[in-house]
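*Asks:* Chain by chain, the residues:
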Amino acid sequence: MREAILQTGGHPRPASEWHLRAPYDWRAALAVLLIATALFWSGQRMEVGKMLNLTGEAVAAGVGLKDESQVGKGLGRMIGALFPFVIEDRRELARITDLDRDALPMFTRIEATEVTTYHLNADTLQVEQQVEVKEYLVHPFGYLTKVLSKMVETFEIAIWATIISVLLSIPLAFFGARNYTPNRFAYSASRGVVSFLRSMPELIIAMFLVLGFGFGAIAGYLALGLHGAGFLGKFYAEDIEAADRKPQEALTALGAGKLRVLRAAVLPQVAPSYVAYTLYILDRNVRMAAVIGLVGAGGIGQELKGRYDTFEYGHVGTILLVIFLTVFVLDQVSARVRARLIG
Amino acid sequence: MAAAAILQAALGTGREGQPHLSFRDLRKVYADGVAALDGVSAHVARGEFCVVLGPSGSGKSTLLRVVNGLTDLTSGQMMLGDTALSPKSLRGIRRRVAMVHQQFNLVERASVAANVLAGAVAEVAGWRAMLGWYPPELRTRVCEVVARVGLDEIHLPRRAAALSGGQQQRVGIARALLVRPEVILADEPVASLDPAISREVLGLLREAAREQGATVLCSLHQTDLAREFADRIIGMRKGRVVFDGKPALFDDRAEAELYEGLAVPSPETKEKAYA
Ligand SMILES: Nc1ncnc2c1ncn2[C@@H]1O[C@H](COP(=O)(O)OP(=O)(O)OP(=O)(O)O)[C@@H](O)[C@H]1O
Ligand SMILES: [Mg+2]
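As they're listed, the protein sequences go chains A and B.
If you read the first sequence in the working numbering, its first letter stands for residue 5, the second for the next number, and so on.
If you read the second sequence in the working numbering, its first letter stands for residue 2, the second for the next number, and so on.
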């Protein structure tokens, strides 16, 4: 096009000779073909066919079209075991040393259960039946209370992790934004750190940190905070780069330095999306705090793993329900905060 | 320093007639070889309302942006009072010079008040700028300038994006007036406004500048507005000054020369004119 204009001495060609390219051409078709081939190849490695078969069977069995399915049976047994949710706390009285029967702790009661045991009498070679009465101290919401308090701890881990992420990503974003970084070296270093933090799975970071800081919350929120900084640092920086340049130029023209321009011309533009990212990280930290507990980094995950390992699936069910409710409530709250900011 | 400059500007210094802005043989060649300024020399007196005219691409924006260093010179010298523009004096000069932009350049999400306050972002203490906690005198001053540009109290908390173009440019002018600059640069400040509003906004800019004793360098495309408002007209063509004088001298012939390029004076005759 350019050459054409130059050749005709600045006189553009008549419109009848113009050419407006079609939105798709053979290149687009080739790209689709390549992607389809790649997906087919990968689909075989990932056993997508088997996944669809088994899922199909399970669905068919579920709606009564088929007798039974392998997946359905396995999952069904597991899910069935989660019910009923356990909310009470039950402890054998014999194991509690200093209990005053006349002054039980609040809300608790004592329950007696008859336990029948069978054993072989070595003398008579007869199987004998023995009835034993075991007493339990029962707190009707004891376990629920414990899970809730663990959830509060988990939420605290998530909050501190988020605070750490935000504090770390502010400088990372400044140095990692092309238009504010003082030099190329700082830019590359910052982007490198951000990619590194994001690429390290928090579970692995948590495992390392548990070695250093011991079991508990510290390893948990540090791991989540570092990983989250890898996410926020990237997104904060990209928003700074994409912010409208015109007001920035206006303040530069008044003699304001980089930091002041950032504060007065960029921050008001990016604030709503920053809040959205940060709330997303908080939400993610709540969910991930439950997972990293698995490696002993505190919170509800530690409890979850303990119960799972001892096959107490009713307890597991309660924990999962509480996590779900927390995430749901948090989602509602953050939706409201966002709506207010954007409106 | 700023206070002294403001005082000087307000009271006059007894140096009227001395150039406030002076351009000596300014040359700007962009990376692609375009000479946007090709030997511009001119002087603007203190308190003058100087309009720069010229066809598109003649270098008006470039000339204005040279004054506050948004565009750096290839060669030549720009002086503001006794200070020559250099990398060292850049910050200081920028704080004495305000700019009104064609696209308004407001933070659209922020309130009118916040946009006007941002005009002082380079003046207040660092911690105040960072917290966005400006001193009470400045907030009073914001109300003053917002009223001066013809806006109302109800506009203060409104988002800039929710104003009309004319109102947004008033905010832009209020921001420029806030810290009582010595020089106001206005690059086609009314290009996106209708004729009636354009006249109002330009009148406002001229009166407000006059009250504060500020020198104005304003580029325009409307020759009728230039004749009406200018104390002085500089006509540019292809990076050169081809007209420089009182609006009364800017007749139809001068206008045709400027826009259609009839009888462009050669660089030599121009040099003689300034010798
Ligand atoms: N950043 C840049 N890089 C390269 N060339 C530029 C740049 N800015 C301006 N120019 C060129 O410099 C010349 C003068 O441009 P300038 O914007 O100063 O003109 P103008 O008189 O303000 O025009 P208009 O009335 O259209 O705003 C033009 O040829 C333009 O293409
Ligand atoms: Mg221009």
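Any given hint could turn out to be false.
[Claimed, not checked] Below are the DSSO-like pairs computed for lysine-lysine, each with C-alpha atoms no more than 30 Å apart in a straight line:
hint	chain 1	residue 1	chain 2	residue 2
1	B	Lys89	A	Lys262
2	B	Lys247	A	Lys250
3	A	Lys138	A	Lys262
4	B	Lys89	A	Lys250
[Unchecked claim] So these bits of chain A aren't anywhere near chain B, every CB distance computed over 10 Å:
hint	residue
5	Val36
6	Thr112
7	Thr120
8	Trp164
9	Leu263
10	Pro276
Since the hints were made in silico from the structure, they are not lab data.
Remember, predicted model here, so these are calculated numbers, not experimental data.
Every residue, glycine too, gets a C-beta built ideally from N, C-alpha and C.
*Asks:* Work down the list of hints and note, for each, if the structure agrees.
*Replies:* Okay, the hints, checked on the actual structure:
A hinted pair counts as satisfied when its Cα atoms are at most 30 Å apart, and B/Lys89 with A/Lys262 qualifies at roughly 17 Å. Restraint check for B/Lys247 and A/Lys250: not satisfied, since their Cα atoms lie roughly 33 Å apart, outside the 30 Å limit. Of the supplied pair hints, the one linking A/Lys138 and A/Lys262 is violated, its CA atoms being roughly 74 Å apart against a limit of 30 Å. Note on B/Lys89 and A/Lys250: the hinted pairing holds, with a Cα-Cα distance of about 24 Å set against a maximum of 30 Å.
Every Cβ of chain B is farther than 10 Å from the Cβ of A/Val36; the closest lies at roughly 39 Å, confirming the non-interface assignment. With a least CB separation of 53 Å from chain B, A/Thr112 remains clear of the 10 Å interface cut-off, as annotated. At the 10 Å boundary, the C-beta of A/Thr120 stays outside the reach of chain B, the nearest C-beta of that chain being 73 Å off. No Cβ of chain B comes within 10 Å of the Cβ of A/Trp164; the nearest lies about 24 Å off, and the non-interface call holds.
Here A/Leu263 does not stay apart from chain B, with its beta-carbon only about 7 Å from theirs, under the 10 Å limit. Its closest Cβ contact with chain B, about 8 Å, brings A/Pro276 to no more than 10 Å, contrary to its assignment away from the interface.
Checked against the numbered hints listed earlier, the structure breaks hints 2, 3, 9 and 10; every other hint is satisfied.
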